[in-house]
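Those protein sequences? They're chains A and B, same order as listed.
So our numbering is basically just the index in the first sequence, starting at one, shifted up by 11.
So our numbering is basically just the index in the second sequence, starting at one, shifted up by 125.
Hints were generated in silico from the structure; no laboratory data involved.
From the three backbone atoms N, C-alpha and C, an ideal C-beta is built for every residue, glycine too.
Keep in mind that a hint or two might mislead.
To be verified - Examples of chain B residues toward chain A, derived with CB under 8 Å:
#1 Leu142
#2 Leu144
#3 Gly147
#4 Arg150
#5 Tyr203
#6 Gly627
#7 Gly629
#8 Leu789
#9 Gly796
#10 Asn820
#11 Thr831
#12 Pro835
#13 Ala893
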Amino acid sequence: MNGTFFINGRKEEWSFAPDAVLLDVLREHGCTEVHRGCGEGVCGTCAVVLDGSLVNSCQVFAASAREKEILTVAGIGSIHAPHPLQTAFVETGAVQCGFCTPAMILAAYCLLKKTPNPTDDEIRRALDGNLCRCTGYVKIIEAVRLAARRMSSYE
Amino acid sequence: MSDLSVVGKPILKVDSLSLACGTARYTADFEVKDPLHLVFFYSPHAHAEILSIDDNPARSMEGVVDVFHSGNTPSELYTTAGQGYPEPSPYDTALFNKKVRYVGDIVGAVLAESTAAARAAAGAVRVEYRQLEPLFDPEKSMDPGAPCLHDDGAFAPLPVPYRPEENVAGEVLFSFGDVEKGFAEADFIEEETYRTHYTNHCAMEPHAATATFDEKGRLVIYSSTQVPFHARRTVSRVTGIPAHKIRVVKPRIGGGFGSKQEIILEPYVALAAWKYKRSVKAELTRREVFTTARTRHPMRVRIKTGVKRDGTITALEMNNIMNTGAYGAHALTVLSNAGSKVLPMFNKIPNVSFTGRAVYTTLPVGGAYRGYGATQGYFAFNQHVDGISRKIGMDFVDYIKKWHIREGETSEVFKAIGEGTEGVSQIIKSCKLSECLDRGAEEIGWSRLRGKRITSGSWVKGVGAAVSMQGSGIPKVDMGSASMKMNDDGSFNLYVGATDIGTGSDTILSQIAAETLKVPVEMILILSSDTDLTPFDTGAYASSTTYVSGQAVLRCAGKIRDQILSAAAVLMGAPAESLFLGDGGIVVNRQTGEEASFSKIACFALYSHDQFQIQAGASFTGDESPAPFMAHFAEVDVDLETGKVRLVKFVSAGDCGRPINPVLTEGQIEGATMNGISYALTEQYLFDPRGKMTNNSFWDYKIFGTLDMPEMKTILAESNEPTGPYGAKSISEIGINGPAPAIANAIFDATGRRIFDLPLTPEKVLAAIKGVK
């Protein structure tokens, strides 16, 4: 089947199998920044922002994401113009293997949209659906704190 | 050492922005044209002989290209362990076995135009088995009459103990002094048995490999591997494809922790691609990672010590049985490390004996996993020492401080036991363990909380500690190399065989080069782990990269510096002795103050005078393996009504020599510590009575998330390791060794009950509190 998707502000017409999940369709079309960690909706490495909400793309049928806005980490900043969250993750040492990082950053992005000055507890709750095996989460939480500070001082 | 400008600084990880922006590519992200997909099918039985395989139904399905199995593929035995050559692990594995030895053993693989077609066809293959008696209890593996699991020609390529007829995949025996005499001199004997469990690395990226062809028809394998050079060698051996026709490229890796020190997928994609001359992709699912990839070896550790009333240990006997599962990957070496990394800690014990056996069972296959045997050994050792110190009425921290190995000291164990060979003598040249203990105790509030049993309702508080040491590479075995060339803008290409799997080794190796050449790290353009482009390196394991590969980089950069100075001497018309490297890529004449930029010197060499490329290569193998040290402290609250353990605070205080990059060092400690905490409290393999893992998903196999973590504190007790690059030792593994025993000791402090087997679940804690056996 076919569908229109709005990926990081770009309009795409893609064909896909009726039972295809969004993760596979995104990856097949080059959005390899969306990673497959478990394929079962637990680890969060495949998370994207779908019409403003963080979802595990391995649990969403591509068909149901048609006509919707999909944001991946590539949509919030680029290597030449990184988002404050991306810089904060880099500066605090929160990126180790980096496999969880794009989705982790999106989870933090959704948090900071709603709660610009989160408490540590709010940060932990927002990131709970995203597993990381490298960092022990310490520097990830620090990164979100730093980004929140910088982003609210811009405003 | 304030004269260092790059080393010791929290330089940003060189690849981190690309990872944070999603432009970095992992193995599965590489687009290849028109790939075929490989999917495996597995044994549903723990132990069975394959009588027949009917692949016709699968072959006739749409999109199916081929079905590989023991009936139609080479069956040469090899080991999946990615180790030095010849490997100390037994050759007991075939690509497709005629006999299966655990639920999840690879029976065959379907090659198809899509993953979906391959999966459908994999389910259509009809395999007829004759079931054999399974063997689930490692303590019964060596019993007479136990089923023999490897009776088909398995062998050890090195002259190491290997007796498949007894299900012994590895044996380690050593002793010194006279243990019986030592026990006789003791005032009391302490003897306990501890058990550690099956767990999984849970690297976020599942194993993946892609084989494709370059324009000359050579096979290029992209692989999520920690050991690209070992992978090329093993692939060539098992598939018969000449090694010079194979190039292994390691892209970004989504974590390894030892799981990718195994050659799991590479031979299969190579075999299929070579046969059909088409690109082939394979990617394990998370469930497959749990069941068919590698695990931490479970171990039974029995320790017996003879102790005098003043705390002197007169004799120590350690007896280990390690479950290696169905195959012997890393069997001997993980077992060795349970002794060799643990027993030197108390180096003043005159009489020591170690007996270790790695045995086969019909359960999942153990492999390399961060900590590598030391984790298992230290779970036992630290609880044992906690018990002894309590019996003699001495504080655990004081007791360790009195007896632990120190700078200038050695241990008989170092030379007694290596990895599959004799060990190598060494004297400890840097050790700040006492400082780690003091600073950690202060941070956790040891004197305020220890033994106080502060209660709140049904909750009672306790604190516990643990210490450990590890190594830095395998002496006289692990080798790293680097090559480097200078560009005409004064930048440098640095090529290393070392494999960055997320650890930050690309960054710290760049820092070592930058420091030596006194340039900013941006001027070092690093490329790592491509068997065509970079020099050899044994790989990312054994806590070796900073120490071994770092020394190779240091030597290489030193040669480059010498060449720069001699080219500059001609350019500047001054003797080389009067020149030195200034900061930021310049050569300075000490006498005249005259300066020449690196760019000018490089251009002079490349374009003007005696034209040549400033370039060099260097290798390094350690003569010793300096140990990092760490002290861990846990504060727990235990619910006496439910047995639940709430980890309140955790402190890791480590000595890794000089941290090349303190932020990345902390990150390694924090990650390893959290992994160890999760290992201690929640992670476990559950099996049904037929030997099938029943919780092979992140839904049911619980690893810690952000809501589970305690307050974490990391302390770096800096020392200077004279044999290490800029004083550095390793840090990657040691952090995982302490959490389990520190938490177990804290539970004892809170409840007066000791838990002898992992994980420390509420059920076990409650049973111990209630006195249930």
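Hints versus structure:
no., hint, result
1, Leu142, "holds (5 Å)"
2, Leu144, "holds (3 Å)"
3, Gly147, "holds (3 Å)"
4, Arg150, "holds (6 Å)"
5, Tyr203, "violated (28 Å)"
6, Gly627, "holds (3 Å)"
7, Gly629, "holds (7 Å)"
8, Leu789, "holds (6 Å)"
9, Gly796, "holds (5 Å)"
10, Asn820, "violated (12 Å)"
11, Thr831, "holds (4 Å)"
12, Pro835, "violated (10 Å)"
13, Ala893, "violated (28 Å)"
The earlier numbered hints that this structure contradicts are 5, 10, 12 and 13.
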